[in-house]
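Engineer: Okay, here's what each chain looks like letter by letter:
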Amino acid sequence: MTNLQSSTFNLQQPEPTLDARSHAGRIAVAMPHSDVPGAEAPPAELLRRDLRLPELSQLDVVRHYTRLSQLNWSIDTHMYPLGSCTMKLNPKVNDAIAAMPGFADAHPMQPAADVQGALAVVYGLQRTLAEITGMAETSLAPLAGAQGELAGVLVIKAYLESRGEKRTTILVPDSAHGTNPATASMAGFDVVAVKPQPDGDMDLDALRVALEEHGPTVAALMITLPSTLGLFDRNIVQIAEMVHAHGAQMYGDGANLNAMVGQVKPGDLGFDVMHINLHKTFSQPHGGGGPGAGPIVVKEHLIPFLPSPHVVVDADEDERWKMEDGSGSGRPSSIIHPPSSATYRLHDPERTIGRLGAFHGNFGVLLRAYAYISSLGPDGLRAMSEAAVLNANYVQARLRGAYDLAHDRTCMHEVLFSGRKQKAQGAKTLDIAKRMIDYGYHPPTIYFPLVVEEALMIEPTESETKETLDAFCEAMLQIAAEAETQPELLREAPHNAPLRRLDEATAARKPVLRW
Amino acid sequence: MPANPTDRKYSKEHEWLKIDGDSATIGVTDYAQDQLGDVVYVDLPQPGASITQFEKMGEIESVKAVSDLFTPASGEVLEVNEKVVEKPELVNSDPHGEGWLLKVKLTDPAEADKLLSAAEYDAFTAT
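Protein chains in written order, with our numbering: chain A, 1 to 515; chain B, 1 to 127.
Incorrect hints may appear among the rest.
[What the hints assert, rightly or not] Looking from chain A toward chain B, a few residues come up when the C-beta cut is under 7 angstroms (computed):
| no. | residue |
| --- | --- |
| 1 | 443 |
| 2 | 447 |
| 3 | 451 |
[Said to hold, decoys possible] Derived Cβ-Cβ restraints for the label pairs, each shown as a range:
| no. | chain 1 | residue 1 | chain 2 | residue 2 | range |
| --- | --- | --- | --- | --- | --- |
| 4 | B | 59 | A | 197 | 32 to 38 angstroms |
| 5 | B | 52 | A | 345 | 54 to 60 angstroms |
| 6 | A | 289 | B | 59 | 40 to 46 angstroms |
No wet-lab data here; the hints were simulated from the structure.
All C-beta atoms, glycine included, are put in the ideal place defined by N, C-alpha and C.
Produce the complete structure using the sequences and hints provided.
Structural biologist: What follows is the structure, given as structure tokens:
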């Protein structure tokens, strides 16, 4: 019975390609004979003669793709502690809302009068994100986090140019996401790296030296808060004061905003512009790399330079927006629902840096984020960030000792370990990550930030229960014990996956693409 | 970290050049492999290709990042170290020996004067 394995569904078996199952002459759909006059075929030289497609039954095809989907790991199937990516619950109600015909069937070229509901959502989200971050205005135009960075830096550049200032340098901590220096460079700036102190906070002396050395040419400091080390920089207010004293702008990378929502407003800390990864903090399915949304929020002086389009409302000033909880509680709300009586329209900011893409971004993502924020409300958002930080610190406390901590202090929403102890025992961080697959956990972010040896960055998010966190920690402790006694078990992992250790670098560079 | 061998010259881009008559062997330094972390892929020019001093000749990918490789000398590629292509970790385990990358026929051996001595490279990487 050699056929048994290939004809029986088994999650441990690799799924054969469609070609391997192809059978000459087999078809998935029998088309009826055409009862309308045929059109003339294009000239022969335009036709392909060598189009070889696999030939399968419909059920073969359905099963093939269903099996592939079952081999996929996602937040819906596994805990996914991918540091810096905030793989949190994607509430299904958001998808239900995004599928409502009034939203899903709207066409981007419909006149504004026909899509007032969609524009009200965009406007409400603009105002809500500004409120949450303590900024003056939001642009929802950027289509992803990295594009948000580019938009933010171009806004700073346009602002400085409007003042006749020629500033050519951007300071970036050397623990930054690679997109920060890449963005600065792409926008035409020189990048100067600033090192952190041993405790993970930015080295104020190094910042002072960099600011003095580059003096009036510094356009901005790009900084992630909490930092990519998973830490809240305790000197952030002083950092902002130093940067502003040199006439430079504070750019905030909002990749880690999940730890701060409802706790502190970046605008109050001195940031002038920040991008927000809606697909992280405000919950979107993004395990496959998209679609995303990277809105930017800015202070008053940068508003004229925002990307277009922007949604504005024609209404009385006091009708513009109202707080959900009526502000009667004496506590600021962060959810803003625009009045239904208002009229919304698209608007190009007066000195806009221009458009970042066709139409209006990934509207479905914006809508889901607005639904997420609205359903949680101010108290829910505060509870969200508290639980995210609590969960990361719980993992830190349980794994302390088994794994070295990059910085042994209270962390924010993610905890950064170093696998250097296990490396000395004969199992590298990559091996630990592969072994986690055997235990049913998506590997965390590894080898980032670059400044931490054998980095292992775990972000549990607020979505996991204590039972799941405990099971995860038990698995990690078990893996640490295995590294000590039988490191080859880690080096050869995964053992319980359809395919074993893959040559990922060659697969990415020289992919063999076939059915 | 072992001392850098004195039988060769070094570039500020962290490649070494070991001259033997009118040909030479090229590799990356121990300092470079340590900074890169575990190397998982090297992309090198084909035998017969001509390469120009200090210009990009290939790429090296580690678990951390992809970096460009810059040739420390101009010439024609005679041989690619197929062992390293098969087992990129040789760059980590023996960067100055078995982990060599290319053998080239030199266009101008005098180009080596633009490179650093082992002592100069030690000082360069110490800062």
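Engineer: Run every hint past the structure and note whether it holds.
Structural biologist: Now for the hints, and whether the structure bears them out:
no.: 1; hint: 443; in the structure: violated, 12 angstroms
no.: 2; hint: 447; in the structure: holds, 5 angstroms
no.: 3; hint: 451; in the structure: violated, 10 angstroms
no.: 4; hint: B:59 / A:197: 32 to 38 angstroms; in the structure: holds, 33 angstroms
no.: 5; hint: B:52 / A:345: 54 to 60 angstroms; in the structure: holds, 57 angstroms
no.: 6; hint: A:289 / B:59: 40 to 46 angstroms; in the structure: violated, 22 angstroms
Going down the numbered hints, you'll see the structure goes against 1, 3 and 6, while the others check out.
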